[in-house]
Amino acid sequence: MRGSLKDRLTVSNDTRHLLAVRDFTGRMARQGPLPPEEVHKITLAVDEAVTNIIEHGFNQGEKGSIEIEAEWEGEKEKFRVTIRDSARVFNPDSIPSPDVQEHVKAGRKKGLGLFLMRQIMDEVKYRYKDGQQNELTMVKYVKGK
Amino acid sequence: MAGFRIQKEKLTGGVVLVGVKGFLDAHTFEQLEKEFADIFDAGSFRLIVDLAGLDYISSAGAGVFIEAIGTAQENEGNIVLMRPGPNVKEVFDLLGLSQIFTFKDTREEALQSLARVGA
Chain D
14 MRGSLKDRLT
24 VSNDTRHLLA
34 VRDFTGRMAR
44 QGPLPPEEVH
54 KITLAVDEAV
64 TNIIEHGFNQ
74 GEKGSIEIEA
84 EWEGEKEKFR
94 VTIRDSARVF
104 NPDSIPSPDV
114 QEHVKAGRKK
124 GLGLFLMRQI
134 MDEVKYRYKD
144 GQQNELTMVK
154 YVKGK
Chain F
181 MAGFRIQKEK
191 LTGGVVLVGV
201 KGFLDAHTFE
211 QLEKEFADIF
221 DAGSFRLIVD
231 LAGLDYISSA
241 GAGVFIEAIG
251 TAQENEGNIV
261 LMRPGPNVKE
271 VFDLLGLSQI
281 FTFKDTREEA
291 LQSLARVGA
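Protein sequence lines, in the order shown, are assigned to chains D and F. For the first sequence, my numbering gives the first residue as 14, with consecutive numbering after it. For the second sequence, my numbering gives the first residue as 181, with consecutive numbering after it.
Please keep in mind that the hints were generated in silico from the structure rather than gathered at the bench. On a predicted model such as this, the values are computed, not experimentally measured, just so you know. Please note that a few of the clues may not be correct.
Unchecked claim - Just some of the chain F residues that point at chain D, by a computed CB distance under 8 Å: (1) G243; (2) G265; (3) P266; (4) E270; (5) L274; (6) L275.
Said to hold, decoys possible - Far from chain D, by Cβ distances over 12 Å, these chain F residues were calculated: (7) K188; (8) T192; (9) G193; (10) L197; (11) V198; (12) K201; (13) D218; (14) A222; (15) N258; (16) R287; (17) Q292; (18) A295.
Said to hold, decoys possible - Computed list of lysine to any residue pairs in SDA-like fashion (alpha-carbon distance at most 20 Å, straight line): (19) K123/D to F71/D; (20) K188/F to D285/F; (21) K118/D to K188/F; (22) K201/F to A33/D; (23) K123/D to L212/F.
In this text, a Cβ means the ideal position worked out from N, Cα and C, and glycines have one as well.
Excised from the complex, chain D in its bound form:
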């Protein structure tokens, strides 16, 4: 089945939408030549990014929206996911990846999402767009970087 190579999903900042986010990401990622295990990992990376926004970007009770744009570029050489939100400024570049072994030994269960995003995707870039919007771009190259 052929599908569009670019599409967008907007959800509110509620974890109940994570399933829809994963369905959307998986559907888009499957339009290209990635093996199923890579599709799963990209879906996980997007889930982690959106989860971080929902859990850390907004004050309790604050309503917000998150836009996920997925796109195949070139001759389906790279898959780009751009996530935009109006949450408070959050630059993941300012957070170092945890030493996972130490993290786990200490029983700490948070902070692993960013580590997974960086492990899975070839590029993870952040910018504060137009002074009003967080924009996180994650890219996966079909043949690796």
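We have chain D; now place chain F onto it with these hints.
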């Protein structure tokens, strides 16, 4: 809650078998967290978790296991994981958790593994 289900069964020697099904993510992890807390509160610290029905896990779900194995081991118990699907195992591998958790294919093997951890 849709999307995630837990079944619990008491086995011999005070071991508790927990079966999980569906999607374990930031929306559902608190259900499993509560289940583990209830089991620990009842004095059981030797658990087998059957992952065969688990379709998906994110770091929020993995975090529940990280916290729980710490509590179990501090109380002379352990958590043995059983039959993860490839996608679920991949997440444990990516997070380096496969070196911390014991994985077994059958209930018998899991019970044997736990029998070596004090009663």
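The hints, checked one at a time:
1. G243: holds (3 Å)
2. G265: For G265/F, the interface hint is violated, since the closest Cβ of chain D sits about 10 Å away, which is over 8 Å.
3. P266: holds (7 Å)
4. E270: Holds - the Cβ of E270/F comes within 8 Å of chain D, reaching about 7 Å at its closest.
5. L274: holds (5 Å)
6. L275: For L275/F, the interface hint holds, since the closest Cβ of chain D sits about 6 Å away, which is under 8 Å.
7. K188: holds (22 Å)
8. T192: holds (29 Å)
9. G193: holds (26 Å)
10. L197: The claim holds: L197/F sits with its nearest Cβ about 23 Å from chain D, beyond 12 Å.
11. V198: holds (18 Å)
12. K201: Its Cβ never comes within 12 Å of chain D, the nearest being 14 Å, so this holds.
13. D218: Non-interface label stands for D218/F: nearest chain D Cβ at 18 Å, farther than 12 Å.
14. A222: Holds, since 21 Å exceeds 12 Å.
15. N258: holds (15 Å)
16. R287: Check passes; 26 Å lies beyond 12 Å.
17. Q292: At about 25 Å from chain D, Q292/F clears the 12 Å cut-off, so the statement holds.
18. A295: holds (25 Å)
19. K123/D to F71/D: Holds, at about 17 Å.
20. K188/F to D285/F: holds (18 Å)
21. K118/D to K188/F: violated (27 Å)
22. K201/F to A33/D: It holds: about 18 Å lies between the C-alpha atoms, which stays within 20 Å.
23. K123/D to L212/F: holds (16 Å)
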